[in-house]
Amino acid sequence: MNGIHVAGIGAVSPAGWGLPALRRALDENAGLPVKEVQREGWPRPFRIRPVPAPVTCPAFLGHPRLRRSSPISQFALAASIEALGEDAARVANGTLRLGVVFCVATGCMIYSARFFDEVLREPTTASPLLFPETVFNAPSSHLAAYLWTTAINYTLVGDASAFLQGLALGATWLLEQRVDGVLVVGAEENYWTTSDAYRRISRTAVLTEGAGAVYLTGKPSGSTPLQLAGITDAEMFFDQPTRRAAMERVRRQLPPGDAASLLCDGRTGVARFDAPETFAWRDWPGRRLSPQAILGESFAAGVAWQCAAALEELRHGSVASAMVSTAGGNEAAIGAHFNRCE
Amino acid sequence: MVITGAGLVTALGLDWQTNVNGFRAGRTAFRPVTLFDASRQRVKLAAEVDLPATLPPTRLHAREIGRLDRAARLLLWAARPAWDQAGWEPSENLPLVLGTTSGGMGNGEAYFRQAISTPSRQGLQTTRAMQYLPQWQALNLAEALGFRGPVTIIANACASGANAIGHAFELVRFGRAERVLTGGYDALSELVFTGFNSLQALSPTTCRPFDRQRDGLALGEGAAVLTLETLDSAQRRGAEILGEIVGYGAATDAHHLTQPHPQGDAALAAMLAACESARVTPGQIGYVNAHGTGTPLNDSAEANAINRWAGEHARHLPVSSTKASIGHLLGAAGAVEAVVCLMALRGQWLPPNASTQEVDPVCGFPLVREPADARFELALTNSFGFGGANASLILRRFS
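Chains A and B, in that order, give the protein sequences. Sequential numbering from 1 applies to the first sequence in the working numbering. Sequential numbering from 1001 applies to the second sequence in the working numbering.
Some clues are possibly wrong.
[Unchecked claim] With beta-carbon atoms standing in for the labels, derived distance ranges: (1) F1174/B with G222/A: 49 to 57 Å; (2) M1/A with L1124/B: 37 to 45 Å; (3) Q1017/B with A59/A: 52 to 60 Å; (4) T125/A with Q1235/B: 57 to 65 Å; (5) T1127/B with A245/A: 19 to 27 Å; (6) R178/A with T1054/B: 37 to 45 Å.
[As the list claims (entries may be wrong)] A partial selection of chain A residues facing chain B, derived with a Cβ cut-off under 7 Å: (7) G31; (8) F116; (9) P123; (10) P132; (11) N137; (12) A138; (13) A197; (14) R200; (15) M236.
Don't read these hints as lab results, they were simulated from the structure. Virtual Cβ for every residue (Gly too), placed ideally from N, Cα, C.
Please build the complete structure, drawing on both the sequences and the hints.
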């Protein structure tokens, strides 16, 4: 995959709004505060790490399309604007064709649950303001409207692997010269429905929310140009044994690495979920970072943070190359390889 | 890039020929909603599929079949005949590209109901939570037909099915895959039905696309699946070639979350991009299967876009919307309507929207209102969705 460059990164996470907050949390390598969510009828509270309120109200919230938007859209916007940097102006003035790949696992949970609650109470008065915000592609639509891009825009739904599949898709759009830049965004939001569903799968997992964005272009950018060197096949699995085998196939498709390499894996701290990656990378010779073990599990957003963390380390020169991997949750394992342009 | 297998399920029927007969005659398939309580809804009609309790033969075990939701069943009913027709064998590396808006919404609704009524009860909640995610239906399909490969699920609202086929087309065209299984599916759900009702987008009378008095859309459900492969691959296997996909265009309408730009700017961009991709001019297109939802805003914007795109040719370009027959199938719409174009190209007929009585003068093109035969080589189908997702596909008769 030659000629695909990373021109920007953005993140909103439980560590705060912006990449510096994410980097600080990962550097400190200490678990962030956990909030307990309790609902009547639940046997025990569920632990989450919510995104803190922004220090200052983001300016984009003044845009008419964003006034009633749900947190997932706001996270996605903030991460995207940070990743795009000054190129946002070029999108708006029509000199940069920007494609968007928005990746998500659980979707617009808050408005979906609120709307369906209204439907069950009294369908004749269910709010027409809520319904359009329940659609999977509502956040990417808001993003396109805010940036005023009319180029191709896909919302991909899947497990955590969707984000790296989105990066691969964005890279092909660039290689085919359909666009000048691609914003690949992973975002999730928490609601009690997500917590309730997840507590049935794991009692110890800590769910979180937020967004990560990687801005890809066909030209090197900045003083430390970074590139997407490769993405593995998305290796489908059906159960835990085939998940482990899928992760091993991913490992074999990535470079072996050395002491100067970084691995940003998708482990979250739940041993049985982490087992395929723990096993597949057991002989990894370099540094290893598990951002979601610090921040919490956040599916597509979580893998986006893995990429952001890996790219930050590359940008700061602390490593020579970086791998990102995820064993997925219930679809596919996949990995990516980034390095600096020499 | 050719099509060697196609299957579809609509409220008109579960198989190719029943659907041919229905679309060709302009039959309509609306009836009172039975899948959920619609008694308190403003509109109570939809195009429900008569889905049998059984499934076509697959590799799934009885327990797995028992867990399939309605959307997964629709998908399997469409995929099995496509797979058989193509003569494909189980494979270890077959990409699957699907479009959907709701995925396993039925599971999500059941989950929510129980979560608010008896939150501590386990029941089927874990299964529902897992199967709410659309990748579960994709994996079931792979398991059912015996293949493995990368799964891509595009959720671009009502353009999802067209985007999925377009993406699959590009995978083959640009040499990234030799074969791809693709399509779209969506089942009726209470949340979505009420959502369109809340927007007052559903017709309280009859869905009449491009009618001067049109007053809204009608919802339906269904699925369509296509097997796409290179011409070489199809000929090597001696497969029957049903038709070709030759062009795909996509664009984003940033005008409004639920309303199109009045002049149809993004629709125009998608149609132009599809023509460029197919290396054809609008004048070579012999039929347009319009998105044509029957809402005042969509149809006028789309008509404006078609007028601008086709120019002088518009006066001779037959256009119709098959949503008049089967309703709006949301994430399945683009895939089903691509198959309708394939049927029409193979049979050389035009599907009418018979319910339209007085054509809106904004239509600068002849609206097909009666069953008709025609000679044409290329058909274009439009799909536009919430959030401004616009997609157009061009299909060609294979000769």
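Status of each hint after checking the structure:
1. Checked against the hint of 49 to 57 Å, the C-beta distance between F1174/B and G222/A comes to roughly 29 Å, which is inconsistent with it.
2. Roughly 43 Å separates the CB atoms of M1/A and L1124/B, a value that falls within the hinted 37 to 45 Å.
3. The given range of 52 to 60 Å is respected by Q1017/B and A59/A, whose C-beta atoms sit roughly 58 Å from each other.
4. For T125/A and Q1235/B, the Cβ-Cβ distance of about 59 Å falls inside the hinted range of 57 to 65 Å, so the restraint holds.
5. Taking 19 to 27 Å as the suggested C-beta distance range, the pair T1127/B and A245/A conforms, at roughly 24 Å.
6. One distance hint, 37 to 45 Å for the beta-carbon pair R178/A and T1054/B, holds here, with the actual separation near 44 Å.
7. Violation of the interface hint for G31/A is found here, the shortest Cβ-Cβ separation to chain B being roughly 25 Å, above the 7 Å cut-off.
8. About 5 Å separates the beta-carbon of F116/A from the nearest beta-carbon of chain B, less than 7 Å, and the hint is met.
9. Interface restraint check: P123/A against chain B, minimum CB-CB distance 5 Å, threshold 7 Å, status holds.
10. The interface hint given for P132/A is met, as the beta carbon of that residue sits about 5 Å from the closest beta carbon of chain B, less than 7 Å.
11. Checking N137/A against chain B: minimum C-beta separation of about 4 Å stays under 7 Å; hint holds.
12. Evaluation of the A138/A hint against chain B yields a held restraint, the C-beta minimum of about 6 Å falling below 7 Å.
13. Because the beta carbon of A197/A sits about 4 Å from the nearest beta carbon in chain B, less than 7 Å, this interface hint is met.
14. Checking R200/A against chain B: minimum C-beta separation of about 4 Å stays under 7 Å; hint holds.
15. A cut of 7 Å between beta carbons decides the hint on M236/A: the least distance to chain B is about 5 Å, and the hint holds.
Comparing the model with each earlier hint shows violations of hints 1, 7; every other hint is respected.
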